Structure formats: C-alpha cells, structure tokens
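All chains should be modelled from the sequences, with the hints used to inform the complete structure.
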Amino acid sequence: MRKKSINSSKTNNTISSNDSIGNVETSSNNSSLSSSSASTLSEQFEWESISMNRPIQSKVTGTYCNEAQLVQSQSANINELDSPLIDERCFQIEMSNHNIKHLSGTVFDPERFLIKNDYERCNYFDREVDPIRLQQFLINYMIKYYDLDSDPNAFSTKRQMMDEHLWDSLAYVIPLLCGQVIRQVLIHEPSVIHCESNSIIIGDIHGNLNDIYYIYRHYICNEKYHNYQFIFLGDYVDRGPKGVEVVCFLFTCKLIQPNRFILLRGNHEVSKVNKKYAFGALISNIFGDTYIQMPNVLAALIYRSFNQSFNHLPLAAVIKATPFRKAIFCCHGGIPNQSLKRKCNQPWTIREIISAAIKPNSLIPSKRSSKNLLVMNEILWNDPIPKRIHRKGQTKLFYKNRTRGGHCSWFTKEAVQLFLNKNKLELIIRGHQFKRTKSCGFYYQFNQTILTVFSSSNYSGSNGNVTGLVIVTDKLIKPKTLRHLDESHRFAEFNVFHYRLDKKTKLITDVVF
Numbered sequence: 001m002r003k004k005s006i007n008s009s010k011t012n013n014t015i016s017s018n019d020s021i022g023n024v025e026t027s028s029n030n031s032s033l034s035s036s037s038a039s040t041l042s043e044q045f046e047w048e049s050i051s052m053n054r055p056i057q058s059k060v061t062g063t064y065c066n067e068a069q070l071v072q073s074q075s076a077n078i079n080e081l082d083s084p085l086i087d088e089r090c091f092q093i094e095m096s097n098h099n100i101k102h103l104s105g106t107v108f109d110p111e112r113f114l115i116k117n118d119y120e121r122c123n124y125f126d127r128e129v130d131p132i133r134l135q136q137f138l139i140n141y142m143i144k145y146y147d148l149d150s151d152p153n154a155f156s157t158k159r160q161m162m163d164e165h166l167w168d169s170l171a172y173v174i175p176l177l178c179g180q181v182i183r184q185v186l187i188h189e190p191s192v193i194h195c196e197s198n199s200i201i202i203g204d205i206h207g208n209l210n211d212i213y214y215i216y217r218h219y220i221c222n223e224k225y226h227n228y229q230f231i232f233l234g235d236y237v238d239r240g241p242k243g244v245e246v247v248c249f250l251f252t253c254k255l256i257q258p259n260r261f262i263l264l265r266g267n268h269e270v271s272k273v274n275k276k277y278a279f280g281a282l283i284s285n286i287f288g289d290t291y292i293q294m295p296n297v298l299a300a301l302i303y304r305s306f307n308q309s310f311n312h313l314p315l316a317a318v319i320k321a322t323p324f325r326k327a328i329f330c331c332h333g334g335i336p337n338q339s340l341k342r343k344c345n346q347p348w349t350i351r352e353i354i355s356a357a358i359k360p361n362s363l364i365p366s367k368r369s370s371k372n373l374l375v376m377n378e379i380l381w382n383d384p385i386p387k388r389i390h391r392k393g394q395t396k397l398f399y400k401n402r403t404r405g406g407h408c409s410w411f412t413k414e415a416v417q418l419f420l421n422k423n424k425l426e427l428i429i430r431g432h433q434f435k436r437t438k439s440c441g442f443y444y445q446f447n448q449t450i451l452t453v454f455s456s457s458n459y460s461g462s463n464g465n466v467t468g469l470v471i472v473t474d475k476l477i478k479p480k481t482l483r484h485l486d487e488s489h490r491f492a493e494f495n496v497f498h499y500r501l502d503k504k505t506k507l508i509t510d511v512v513f
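If you read the sequence shown in full-length UniProt numbering, its first letter stands for residue 1, the second for the next number, and so on.
Keep in mind that a hint or two might mislead.
Okay, derived cross-link-like pairs now, DSS-like style, lysine-lysine, Cα gap no bigger than 27 Å in a straight line [what the hints assert, rightly or not]: (1) 224 <-> 478; (2) 475 <-> 422; (3) 400 <-> 371; (4) 478 <-> 413; (5) 224 <-> 326; (6) 435 <-> 371; (7) 475 <-> 320; (8) 504 <-> 424; (9) 224 <-> 480; (10) 158 <-> 326; (11) 424 <-> 478; (12) 400 <-> 435; (13) 424 <-> 480; (14) 359 <-> 387; (15) 475 <-> 224; (16) 422 <-> 359; (17) 400 <-> 438; (18) 480 <-> 438; (19) 422 <-> 435; (20) 400 <-> 320; (21) 413 <-> 480; (22) 478 <-> 504; (23) 478 <-> 387; (24) 400 <-> 422; (25) 326 <-> 413.
Just so you know, the hints here were simulated from the structure itself, not pulled from any lab data.
Being a predicted model, the structure only gives us computed values, none of them experimental.
Next comes the structure, spelled out in structure tokens:
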C-alpha cells in the first residue's frame, strides 16, 4: 500500500506546446530519480538484482552500507539515466528469490505475469513476462477505468485505488518487460523499417491511454483491419498522465505481434527530453512512494528501463510502393539535412539514413556530436517551414529552427520535393505538431506532399482538439478523423495533468493527477 495518498488539488500548470531540445541543467536536489539512481541496465541486459529486506554489500570490501552511503560513493554520473553506470559496486542490491516469494499471493506478486520456469535456480531478471497475460490485465483495467456509466467521476476513490493497484502490480514487471522487448524484438529491427502496403499510421499519443483504448477497440480488434500493420509515429510519453500504461500496453502488442506493430521513436523518447517534460517526475511519483525498503532505487530502475528500450526504437518506416502509388516515408519529425555545416544543403537519401542511424543510441546531442547523431535528431525534431519564415525568392532548402532550440531545422517545400524524387516517394507522413491538426486531426502541406497527424485527444488537459489517423491501402492514402470533440470531450478530465515546475532548472519535479 502507498505511504501517502494522491492529492489532485495541487496547482495545475501547463507545459508549453513548443518542445525544446535545449540544454537542461540538473539540480542535485530536485529529482529523486537523479539522486538515488543506484542500479544499471547493461546493453546486454545482464541485470543486477534488487533486495528489499537487507542492506547492500560491496563486492570489493564486503562491508555493508545504507542507500544514502551507496549513492554518495558512486563514481559515475548518476544523471545519465539512460546509459549504464560504471561502478558495479553501486549495484549490489539483490532481489533474491526469497524476497520475491514473500510477495506471493499479494497485489505486488509479479509471478502472475511471468512465464513459469525453474523458480529456484533462475535469477529473477532472467525471467520472461507473459505478454498475453499482461496485456489482458491492462485491457481489463482500461475497460473498468473508462466505464463512465458505472462511475462518471474521473477523480473518484475507486479510480485512485485502481491506479495504485495497477502501479503496484507492474512495479517489478516493467524492468523485465523492457529488457524482453529489446532482446526479442527491438535489437533485431533496423533503424528504418520496411512495411506492407496496408497500414494504419497513428500520431502522437502523449500519455493518453483513453485514446489507445479507443484505437484498440475500433481498429486493432476490428476484423476489417486484421491484416493491417499499425505504425505509431512516437511521442508515447509526457504531457499526459498515463505514459507508463501506454508504453507497457504497446510493448505487449510488440511482443505478441512484432511485425504488425511498428513503434517509431519520437523526440520525447529521449531521456533528456522526457526528464524535462514530466515522464521522469511521473515515474518518481508513481513508484518512488511504494511499499519497498528503497523505492527510489526501484523508480530509477524503471525510468532507466524505459529509456533503454527507447534507445532501441527505429527512427522511420517506409510503406512499400504498389502499382497504384509510390512508397510512403513515415517518421516523427521530418527529413534531415545532409551537411553539419549546411554547405551541401541537400536532404539525405533513405540509404544514407539507414547507414547513419545506429542503434542503440541515447540521442543526446552536444557540441561534439557526430554528423550521424545530428541527422538522427533531425528526423525526430525537424518541422515544415512556416509561411512567416520562408519568403519568395529564397533558395535555401533548410533553415535553422531556433524556436525549438538544439540541433534541428525547418525544411522547405523544395527540400521535400527533392527528398521524394531522390527516393521515389509519394508522401511523407509525420507527427510532432499539434496546433495545425486541432480541427480534424491531420493537416496537409506543400501541395499534399507532407501529411501531419496527431492522435492524442484532450491534449495536455485541454478539451478542444480533434484527433486523426491515416489509413493506407494498395490504392488509397486516406487521412481521417479518429475522434470528434463530442466523442472525446467526455473523457477530458482523465487527461488532466498537475505538476510542479522548478523555476531555476525549468524541470518538472512533481506530478499529480
């Protein structure tokens, strides 16, 4: 059971809809995730165990210390939460089979979601999640949680208890789920996925589980779309309260039907961004106040697990050509520029993107970043140039995008046409931008060569946007409205997002909903 109850009366702030990849300073006292990161995920996911009931023992000295002493003794940078820490002595926190057994029969028991094996001999972090069982648990949760007929109050005690039950049930399962989806699926996928002609493309979700539930009921389970692939354009977390649940559900889909579900990476699937825009604070709020002896260690492990899996997500997808149309390029942001110094000023070909995009990658840019890293960031961040910026007579294909900060560009109509011609493409489908899609959920630009789609209703707690998706067949490219206002307005309160913003660091330090 949780140590303190959730108070939904905290001040509600709004996050700017202009993402920024600019520098994020880290405060040593504003994030429990940063200050207590005492576990690691290696690239091979050889996990260290976690112990609930006993102190930490150093491999080298054999002495025992408490959590605070352990954190203080770390030689690695604990703020780099998406890369392995160096000193393994810091991670001698063991979750033994003995301790896991004490959870048997309780709401915290992870065993009900795991595949049965030799329990006594197997390290806990070598266990595998049963994705079908976990997905059914999440579906049952969504069915009950969004049943307005039985309970119209979004902030009822019943729903609060459902949330806490779900979080406590997932606490020890999430690290296994993230490691498993990497080992079994993501590590084998290229950076650019080639997809079948029948596809459904879904834009930004941003922690809106209600929209995922709607898509599941009306499209994923619809016999009409049984043979369609589902391409998600990224931005699964931040700006909404259910990022943890959204990612867990999509990961179960990916494990069950890896070829049917394509999960692309968005700019919010980067640790530097989702730490700034609330996902880190959300995990700290959910899992940093639980029943175990060192909850902050578990919260840090969960946050690290998610970001490790994000580092393996592909960047783009190409829907294959048919006799009736050319191929279609799908990504979160847009086409990248070719030259670091902007001398060539030519867009990259898909072949060049594939050779440059190396997985896994944290995609945290710096002044010394390679050109390949900058190209990968531009695919997540670039936007079509606004009319107010681009004037007639100018010949540049790309312009520096200073409104978002960092290493990203605006691309012009001419750049898009050149990219399409070079790669024999008909259209670019992207997400990333909200404002222009509010009226119907999608928006065409540049003589219908760019199609932006946005799929999160009641975005950032608002109640005034329509959502969309795109259905692609052998013959047709059909953008359509996913949910009208009257359909999604009833669930507006479910996406209310309260948080505290640190004025000095501009980081979100607490999330309550």
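Quiz item: Has the given pair, residue 435 with residue 371, been kept, meaning a C-alpha gap of at most 27 Å?
Solution: With a Cα-Cα distance of about 30 Å, the restraint between residue 435 and residue 371 is violated, given a limit of 27 Å.
Self-check item: Hinted pair residue 478 and residue 504, Cα distance within 27 Å
Solution: violated, 46 Å
Quiz item: Is the Cα-Cα distance between residue 400 and residue 422 27 Å or less?
Solution: holds, 23 Å
Quiz item: Are the Cα atoms of residue 326 and residue 413 separated by 27 Å or less?
Solution: Holds: residue 326 and residue 413 sit about 18 Å apart, inside 27 Å.
Self-check item: Satisfaction of hint between residue 435 and residue 400, Cα-Cα up to 27 Å
Solution: Given pair residue 400, residue 435 holds - Cα atoms ~20 Å apart, limit 27 Å.
Practice problem: Take the C-alpha atoms of residue 400 and residue 438, compute the straight-line distance between them, and say whether it is at most 27 Å. | Solution: holds, 26 Å
Quiz prompt | Given hint residue 371 paired with residue 400 - CA-CA distance at most 27 Å | solution = Given that 27 Å is the threshold and the Cα spacing comes to 16 Å, the pair holds.
Quiz item: Holds or violated: are the alpha carbons of residue 224 and residue 480 at most 27 Å from each other?
Solution: holds, 16 Å
Practice problem: For the pair supplied as a hint, residue 424 and residue 480, confirm whether the alpha-carbon distance does not exceed 27 Å. | Solution: Within the cut-off at roughly 25 Å; holds.
Quiz item: Within a Cα-Cα threshold of 27 Å, do residue 475 and residue 224 meet the stated pairing?
Solution: Holds, at about 16 Å.
Quiz item: Is it true that the CA of residue 422 sits at most 27 Å from the CA of residue 435?
Solution: violated, 30 Å
Self-check item: 27 Å Cα cutoff - pair residue 424, residue 478
Solution: holds, 20 Å
In the structure shown, a violation is registered for the earlier hints numbered 6, 8, 10, 14, 19, 20, 22, in ascending order.
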